[in-house]
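> So the protein sequences, as listed, match chains A and B.
Counting from 1, position 162 in the first sequence corresponds to residue 162 in our numbering; the numbering is continuous, with no gaps.
Counting from 1, position 223 in the second sequence corresponds to residue 223 in our numbering; the numbering is continuous, with no gaps.
Simulated from the structure, these hints should not be mistaken for lab results.
Heads up, a few of these hints could be off.
With a straight-line cut-off of 25 angstroms between C-alpha atoms, the simulated SDA-like cross-links for lysine to any residue are [what the hints assert, rightly or not]:
no., chain 1, residue 1, chain 2, residue 2
1, A, Lys101, B, Leu5
2, A, Lys101, B, Gly149
3, A, Lys101, A, His126
4, A, Lys74, B, Gln168
5, A, Lys177, A, Leu134
6, A, Lys129, B, Gly180
7, A, Lys74, A, Gly58
8, A, Lys74, B, Ser154
9, A, Lys15, B, Arg91
10, A, Lys110, B, Asp223
11, A, Lys76, A, Leu179
12, A, Lys241, A, Asp224
13, A, Lys129, A, Glu153
14, A, Lys241, A, Gln195
15, A, Lys47, B, Ser151
16, A, Lys15, B, Gln168
17, A, Lys139, A, Leu114
18, A, Lys129, B, Arg153
Covered stretches of chain B, as calculated for chain A (at least 3 residues, CB under 8 angstroms) [unchecked claim]:
no., segment
19, 160-170
20, 202-211
Just so you know, even glycine gets a beta-carbon here, dropped at the ideal spot from N, CA and C.
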Amino acid sequence: MNHLEVRGVGKTFGKEAVLKGIHFELPFGKSLAILGPSGVGKSTLLKILCGMEEADTGRILLNGNPVENWPIAKRKMIYLHQHPVLLPHLNVAQNILFSLKATEWPEAKKQDQLHYWLEQTGLKGHESKLPNQLSGGQKQRVALARAMIFEPEIILMDEPFHALDHYLKEQLMEELKALFLREKMSSIIVTHDPQEALKWADHFAWLSEEGLVQYKDQEAFIADPKTGVHRQINFWNQYQKS
Amino acid sequence: MRRYLTTVSLSLMLLTLFLGLCVSALGLGLSYPSLWPREWDFSFLSEIGSRGQLFSSFASSLWIACAVAIASTTSAFAVRLISFYSQPEQRLQLFIFYLPYLIAPVVLAVALQILFLRLGWAGTYTAIIMGQICITLPYAIILQDGIWGQSLRSIVQMGLNFGLSSFQILRCIIWPAARGLLILSTIQTFLISWFDFALVQFLGMGRVRTLTLSLYTAVLESDLQQASFAAIAIILPGFLLMLLFYRIFIQKATSI
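The shape of chain A in the complex, shown without the other chains:
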């Protein structure tokens, strides 16, 4: 059984059909990268999955159960924005614990989990800092720690590394990839960058106005000319030769 199955999801804004008959599957503990040109509804698809937007058609199955009528929180699919969304008046620890406001966990468990996730995301020692005292990478870690402490089923990431510089992006990606593998966390990442997708994901999909194509493996993804990966690899090969 797959962790997530999306069957024929469609969404229309006014007269414009943004998503048409989207199908894909995500196995347990794996990550899926969704690529595609701007404006084809990649972010909308993630918002539909987590329940922030409603699909007009189709089914979403989480662990085999249809979740279309579930409240947002019950789906436990956490959406991470492109720019980390932190509450400016709360410090790092309070921001992380914010996701547990609606839960009835005992305080001791909350504190245990807080210390665990501070450790895991490399934020130990920054607990009392306010968001405006953090770097872009640290802010993204806080957003991730806040999502992870909530014990989500799936993390949905909308270009999470887009606003970071190259070196920070590489470092953060490596750390988070290791963390996701350790925690066996299923994730979906939306990105414009095929290299980022190749580094992060195990499964690949291409979303365009015609719909979504899920590749059977990495080779198929690389070989498809519309993804642009093959072109990039050729360019680097020629560059190295010259």
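Dock chain B against the given chain A, drawing on the hints supplied.
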């Protein structure tokens, strides 16, 4: 250094203004070209309550300004909150908010007076408060625009994602984000009402007396002492509020 000099020169300017008003309020025989009074008269302070109804004017101004400030700010917050969730057409929203400023104040006052005469409110506090709210409510709505941006929408979405209830979202997300601008909005609408002269004169029909009317009357009667006291009473709250909420003023003024 430049910041220090600016602060000192601004403080000196304000202090000179207050000193000038105090001198003309308490000095006798102060007439052009002399800059200093011949003698001081503090008896006016003890008679202030009986002369010129300054106290009652002060109380009327305070009551009207507080009512207008609270009603405008809370209503503007409610309007903004509803439009945040219902997301009506942006251009229509803006047109409605700016509409009162497309109409000349005198036309607005005449139109309102006709309405209030029909309703039997003319010459009452209600008429003045309602008239001023017509100006301050759209102002407060526009001023509170800074709260309801994309950033707040993303935070609210994040709260919903973690299963927060509507009340928790209001208390933990919207209120902390809005607090500063709500205080600023209350102060600004209070001051608009506090300084208003035209609507009070027109809609009050001489039956409601505020500080601005007292000042105007005192100037017409060439009563320098009374005019100076009224002027001090009019400008004092603005400065006090500015001092009390200095940080909010500076932070929000630079962010708007």
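> Give a verdict on every hint.
Hint by hint, here is what the structure shows:
Pair hint Lys101(A) plus Leu5(B) does not hold up; C-alpha atoms about 48 angstroms apart against a cutoff of 25 angstroms. Between Lys101(A) and Gly149(B) the alpha-carbon distance is near 23 angstroms, which keeps this suggested pair within the 25 angstroms criterion. For a cut-off of 25 angstroms, the pair hint linking Lys101(A) to His126(A) stands: about 21 angstroms separates their Cα positions. For the given pair, Lys74(A) sits about 17 angstroms from Gln168(B) by alpha-carbon distance, which is consistent with the 25 angstroms threshold.
Taking the CA atoms of Lys177(A) and Leu134(A), the gap is near 22 angstroms; set against the 25 angstroms cutoff, the hint holds. About 21 angstroms separates the Cα atoms of Lys129(A) and Gly180(B), which keeps this hinted pair within 25 angstroms; it holds. With a CA separation close to 19 angstroms, the supplied pair Lys74(A) and Gly58(A) stays within the 25 angstroms bound. Among the hinted pairs, Lys74(A) with Ser154(B) is consistent with the structure: their alpha-carbon atoms are about 19 angstroms apart, no more than 25 angstroms.
For a cut-off of 25 angstroms, the pair hint linking Lys15(A) to Arg91(B) stands: about 20 angstroms separates their Cα positions. For the proposed pair Lys110(A) and Asp223(B), the alpha carbon gap of about 70 angstroms is over 25 angstroms, so the pair is violated. Proximity of Lys76(A) to Leu179(A) is assessed by CA-CA distance (about 19 angstroms); at most 25 angstroms being required, the pair is judged to hold. Of the pairs offered as hints, the one joining Lys241(A) and Asp224(A) holds, with about 24 angstroms between alpha carbons and a cut-off of 25 angstroms not exceeded.
Pair hint Lys129(A) plus Glu153(A) does not hold up; C-alpha atoms about 29 angstroms apart against a cutoff of 25 angstroms. Proximity of Lys241(A) to Gln195(A) is assessed by CA-CA distance (about 20 angstroms); at most 25 angstroms being required, the pair is judged to hold. Using a Cα cut-off of 25 angstroms, the hinted pair Lys47(A) and Ser151(B) holds, with the two alpha carbons roughly 16 angstroms apart. Distance check on the hinted pair: Lys15(A) and Gln168(B) sit about 35 angstroms apart at the alpha-carbon level, beyond 25 angstroms; violated.
A distance of roughly 16 angstroms separates the Cα atoms of Lys139(A) and Leu114(A); the hinted pair therefore holds under the 25 angstroms criterion. For a cut-off of 25 angstroms, the pair hint linking Lys129(A) to Arg153(B) stands: about 24 angstroms separates their Cα positions. Restraint check on the segment 160-170 of chain B versus chain A: 7 residues with Cβ-Cβ distances below 8 angstroms, three needed, restraint holds. Requiring three or more residues with a Cβ within less than 8 angstroms of a Cβ of chain A, the coverage given for the segment 202-211 of chain B is violated, as only 0 such residues are present.
When the structure is compared with the earlier hints, violations turn up for hints 1, 10, 13, 16 and 20 and for no others.
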